[in-house]
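J.: Protein chains in written order, with the numbering used here: chain A, 11 to 452; chain B, 11 to 452; chain C, 11 to 452; chain D, 11 to 452.
Bear in mind the hints are in silico, worked out from the structure with no lab data behind them.
Among the clues, some could well be false.
As the list claims (entries may be wrong) - Only pairs whose alpha carbons sit at most 20 Å apart, straight line, appear in this in silico EDC-like list of lysine to aspartate or glutamate:
{"no.": "1", "chain 1": "B", "residue 1": "187", "chain 2": "B", "residue 2": "308"}
{"no.": "2", "chain 1": "C", "residue 1": "395", "chain 2": "B", "residue 2": "238"}
{"no.": "3", "chain 1": "C", "residue 1": "407", "chain 2": "B", "residue 2": "262"}
Number of protein chains: 4
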Amino acid sequence: MPAPKSALHADSLVSELSQRFEKVRRQTEVLVEPLTAEDCQLQSMPDASPAKWHLAHLTWFFETFVLERFEPKFEPFNASFRVLYNSYYNGVGDKYPRPQRGLISRPSLQEIMAYRAQVNDRIQNLLTTGKTRQDNHHELAQLITLGLHHEQQHQELLLTDIKHAFSFNPERPAYAKRWPLAGIHQQPVLWHRHAGGLVSHGFDAAQDGAFSFDNEAPRHPVYIAPFELASRLVTNGEMMAFIADQGYQRPELWLSMGWDWVQTAVTHHTDQGSLPLYWQGDARDYRNFTLQGLVDVDSNTPVCHLSYFEADAFARWAGARLPTEFEWELAARTLPVPRLPANFADNAAFHPLPQQDPGHGVPAQMLGDAWEWTQSNYNPYPGYKPWPGPVGEYNGKFMCNQFVLRGGSCATPQSHIRTSYRNFFPPDAQWQFSGLRLARDV
Amino acid sequence: MPAPKSALHADSLVSELSQRFEKVRRQTEVLVEPLTAEDCQLQSMPDASPAKWHLAHLTWFFETFVLERFEPKFEPFNASFRVLYNSYYNGVGDKYPRPQRGLISRPSLQEIMAYRAQVNDRIQNLLTTGKTRQDNHHELAQLITLGLHHEQQHQELLLTDIKHAFSFNPERPAYAKRWPLAGIHQQPVLWHRHAGGLVSHGFDAAQDGAFSFDNEAPRHPVYIAPFELASRLVTNGEMMAFIADQGYQRPELWLSMGWDWVQTAVTHHTDQGSLPLYWQGDARDYRNFTLQGLVDVDSNTPVCHLSYFEADAFARWAGARLPTEFEWELAARTLPVPRLPANFADNAAFHPLPQQDPGHGVPAQMLGDAWEWTQSNYNPYPGYKPWPGPVGEYNGKFMCNQFVLRGGSCATPQSHIRTSYRNFFPPDAQWQFSGLRLARDV
Amino acid sequence: MPAPKSALHADSLVSELSQRFEKVRRQTEVLVEPLTAEDCQLQSMPDASPAKWHLAHLTWFFETFVLERFEPKFEPFNASFRVLYNSYYNGVGDKYPRPQRGLISRPSLQEIMAYRAQVNDRIQNLLTTGKTRQDNHHELAQLITLGLHHEQQHQELLLTDIKHAFSFNPERPAYAKRWPLAGIHQQPVLWHRHAGGLVSHGFDAAQDGAFSFDNEAPRHPVYIAPFELASRLVTNGEMMAFIADQGYQRPELWLSMGWDWVQTAVTHHTDQGSLPLYWQGDARDYRNFTLQGLVDVDSNTPVCHLSYFEADAFARWAGARLPTEFEWELAARTLPVPRLPANFADNAAFHPLPQQDPGHGVPAQMLGDAWEWTQSNYNPYPGYKPWPGPVGEYNGKFMCNQFVLRGGSCATPQSHIRTSYRNFFPPDAQWQFSGLRLARDV
Amino acid sequence: MPAPKSALHADSLVSELSQRFEKVRRQTEVLVEPLTAEDCQLQSMPDASPAKWHLAHLTWFFETFVLERFEPKFEPFNASFRVLYNSYYNGVGDKYPRPQRGLISRPSLQEIMAYRAQVNDRIQNLLTTGKTRQDNHHELAQLITLGLHHEQQHQELLLTDIKHAFSFNPERPAYAKRWPLAGIHQQPVLWHRHAGGLVSHGFDAAQDGAFSFDNEAPRHPVYIAPFELASRLVTNGEMMAFIADQGYQRPELWLSMGWDWVQTAVTHHTDQGSLPLYWQGDARDYRNFTLQGLVDVDSNTPVCHLSYFEADAFARWAGARLPTEFEWELAARTLPVPRLPANFADNAAFHPLPQQDPGHGVPAQMLGDAWEWTQSNYNPYPGYKPWPGPVGEYNGKFMCNQFVLRGGSCATPQSHIRTSYRNFFPPDAQWQFSGLRLARDV
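One chain only, chain A, in its complex shape:
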């Protein structure tokens, strides 16, 4: 992985990393404050994990990849955690079965918090004293930095997982406070034209900052045909028009695999026909479950929790298509700075928000609000090499049957996202804050 701009020699860099460590780790704990120990135990499907597991696994990451390697006289906090909180790193050894994470009531939430506190102290100690088993301070800084980005990824998953779990509770508990939407009006869709051509694509340290995952590199030439991109995300109101036009009942709008999915997916059906995940009711009164509780579906708010299949069918219905990740990134790189404020997890709305001003020629919501499905498969860039060592299992081994999403969401920490960032999920995944922006050929 790319190093932070320099290594640890300079006290200021140590201090910066130490502060960042403190801040990011603390933020995870802030996110679980609205949750009880019982809430933190919930696992509603194999793809989701209990909040307690996230808290522990994130700590396991630092313990296993940093302390075990760098700490002199390393002793594990609890030897059994090595298996229990390993997610999928075959290089580390055995893993506790993923679908059973919700069955671990002990250690308690309290013990996991003690685990976090101890590992935090030991990491800070490593940073402060500089006394490490190996004298590779550069790599130490790299791994801590990676761990913090890893932590931020799981902060988003923690939110989407608890939302999924809470949706099974007939009382539909609210995780966060209601966000006021009064006085926001619909913005029309404008089309921004891009000339394309042979462009450089992928992580660019000059523009994207000090860190990237291995899957964003290497930067490489790509030829892109001219295209147009919509000025904002597709809204709930537009999705309601799709539903009203029998979009869920017309096979010609769907991929073959999507059509099979739409007829069998359990979470997709309601007594009123197929609806997006977390929606209920009918055309006279759609409501959707959010982290703010059960609310009326707002027409101007970006639609989210769409599967790739739904996003693709919507785009076809709208006479458009999904953008490629190359188009998306090219468009994002041409946005004037500053692109913010955007609706990230820092906002604590935890739901997409409507476009609030006309945009003045700049696409809105490119970052934040909802991840944008692209039609690009999650493939290695030419010349891609996974990181060496166990952390190399981070990205490359998942490059199959997944589609790339871009731009971050209302559940993404703002400091985690960048233009070259590639998120990826299988086409039937719905529980992320996944929406879409339309594109079309010129």
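Position chains B, C and D relative to chain A; hints supplied.
T.: Chains B, C and D alone, transformed into the frame defined by chain A:
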């Protein structure tokens, strides 16, 4: 259902029922004392329920079948509980899906305890004041009595369910303290002969007490051929001999359906081949998970957690067979009084114990220790009628593809069992304390 | 198994067995005459087998259990058939997987017919010359007799299996010619009372003939309470009343397991709601697929292809219950002789027929037309012993989660049935000609 | 779709199309000559179809898309075939369920042959007389041409499907005669370097002939980095080295989804561990089932029937990677002409053959022998438009979770393939003749 011997007119009977109510309800709470709120959240399979759900459902039973009917100006504690804690009573209305009971983190354990306390007070109030919506005090007493037997049934399930859930924790948490087994020696199997003949079978108030479930009646004539019954339960040591003799590998010992099961049941296989549920290790060192934690398999202890298939195969291997429930009950009725002390939940061992004295001509362990699989299907007795009203869904609708077990176990409250008591489970169920006693033709 | 009345010494007995062999074997071939080689290849579910497989397996039975044992210098027709056509005899060795029987296009139907012819000749040769490897002519006669009853069982399965397979063909091919029903009127249900008492139950050579399966023995005393039995089978017209009364929508009529089944069983649902297997259309125009093709549902014809769940729910709806197999047999034994003519496979209607005369005090349709579900589980009789040797896998190992049916059907050869005959299927099985007769307590 | 070079005005073109029609249609019938009617009935998995179904569906295609549209006074051969032999065209209407195609014994093979003959005559009549309902002879020629390419695609599927079905037969029937391999020696792998750059990619009528599927267009610019491509396909011998090196047991070689697959795929496991599909035995004696019957695994023969997962894992083990489809096509376009003879279905070997001469600087086996997995997902080319009308369901709707294969195989008709041809299958598909060629970065 049979009434308690009299109704509520006499103060002494009211007082007796009130005290029994207090005692039985309290006992459920005693059983969850070793558990945390997180433990009480666990559901490890659709057949098992979280301890918190048991606590709530038992209270729902009194609220729905007693308070709602008898309390003047009845108001529910929480209207949503009517669905959330309905187990399977279609007559009451909708039910929250059983496999998702573990996804209800809210209400919290604390709120459920408050629910219990309030309903307890209201039931006691009904009993004390005698002010009821209907003047049918006889039925009120009946329903409270039924509710208490229902509560005791779930006390056993609460224990077997938490054992199942804890077994997924690699740390194998102990629920109870270790029970000392030193100085106990093996007792030989003796065979007790019974002449059979045309006998009366089923609940007999004179012998079995004031209460029975509807499925134990009516008492009716049954013809039984002469048979012999073993003097004790089959032990772990005998099961080890079966394993060593390749019992799990020989199709001729198994029912066809059992042979399919033994080759596919996930919980049944270990790296060392098929073993009884909760066993691990190999012939040099078998260990089994108990509510006392992970312990060495003790040779003299009755084997338990057998499926019907395993019990049946063991019996065939031993050149014997399982008894019918008619044989078992006939034998149990001929035991000299007192038959106790026996190893019930009251003992707090929560695991079967070895036979400790020679028996002196009386079969040991007929009551307590482990439920005994019989070869009898769970069928209605001739002339069987389910109770009227919603509580009629209690037993009759489950009379299909289940086998009868007799005698109670180490997890059964002593005051809950009687000679005519019929427990029932499908032939592949293993998570109850189910063992066997051999029978043979004369 | 019980021997034929005498052994082979007497020429007349040899001749009788030889003729019976010729006749029964020939009948199987008559049954496949309406079928093409392609038809004979069909397997529509794991429980059903291709007609070609039946033809071969029946021959395998004689080759394996008779020729291999008795023929001097035995050589198999084709060594690979030993595995390919073994149904479920673990004692014989490996078995080709049951769900894949439809994937065996070679050997061809023609080759299987040659296989039959050769084995027929060799069996006849054994009988004629009396030159056998072992001098146990008694056992030889027993095994050939068993093989012929086995053949007759499969004649029925061949019919029910091809019916099931043809039902997937949108053209709904007719296997047999249409049977005229004009001029038949509905017969009222009368109730025949039986006093019950302590009676002898099970195979009785004096009354039931020379042969029985092991599961019909030993004859033993059973106590039966007084009961009443309906004078005929339940009809399609009565089933239509059940449907019209929302019988498939009312949980209180169903066993819990049946209610689950009725809501999930794929073959059970139509666009018009739940219907019996092979029914289609709606109340104005029900049609059902029969071996005579697609016909109007006739009101007076006995209903068939019911699962146990449906039979049980219907009986509950009708305020009655299913009889036990003990009641059924007791009633059948008290019928005046002759009980025939009845509607067996010999009739070549291959569908139940309406009761045609008033009965004159004798229950109609006790034998033939449709198998009658009883509420009795398929359990061993007291003192039951499976036959020794590999043929002992015939019955005993299936005694689990099955219910007993009595009386034979329109697909049963007449010479195959007897009063003590016990058929058995799991409660969700529908593809046999299974109906019901009501019983009630006195 | 691109038109044949001209339309039907000229008699010579009519005559050419008519002859091609005769020839291609006849070839399908030649392919079923080794099969019996019973063989033609087999369906071994939902993804495979009976040979009889292929024969009928191919005729349905001409009847539905050509005759129904162009024939004056069109009458269907059999109205029920419209549903029965519709594969997946929602625009045409209902479809008979795919997994049940093997349950259609009637119409018989003979009737389907009559169906073919009649439709053939009617198509030839249309071509000869030119009397059509619409005067669009250009489109008529297009659709017949499409139908013939469709026919050739199914010729390959017919072979792979019957191979799959025959593999379930313990006798392992041979479809074709044995091909002699004596005297062929191993050829070393050479690496051919390509400079890449911005190149034109996709169907090029000048080079690729008169016809292409819609998914090969439009031709568009792609930037390709320099790369090297192996001179031949990976062989069985190399696969054996992978197996011997524990390739199937090392998670680091596999995609995460592939690793899950390798541990659960039923067809993949043998008693000797994981092996490629159709292999059996162990390292001392591997044999594999081919259309020539069960043969020894030949070291020099290209390995085939690999899933994408296996091809990808092998490439990683070999320190290389799979090529992209862009690299493959670029390399194929630079091959000197003539590239043939190659091993296509025309050869009637129906199995890949070893490289037979050194190649003289030209990659061997680019066309024929085995399809080559590429790392490219099956995605639309920029500007892709599906064909208008019902035939537009041909390709686009399958662009999800599939990978592109290139080059054709030993089961592909030679006249069907071209450099721009894109085949596609999901990553777990094994039953096609799918192998791989290695690529690497420069």
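J.: Work down the list of hints and note, for each, if the structure agrees.
T.: These are the hints, each one checked on the structure:
{"no.": "1", "hint": "B:187 with B:308", "verdict": "holds, 16 Å"}
{"no.": "2", "hint": "C:395 with B:238", "verdict": "holds, 17 Å"}
{"no.": "3", "hint": "C:407 with B:262", "verdict": "holds, 9 Å"}
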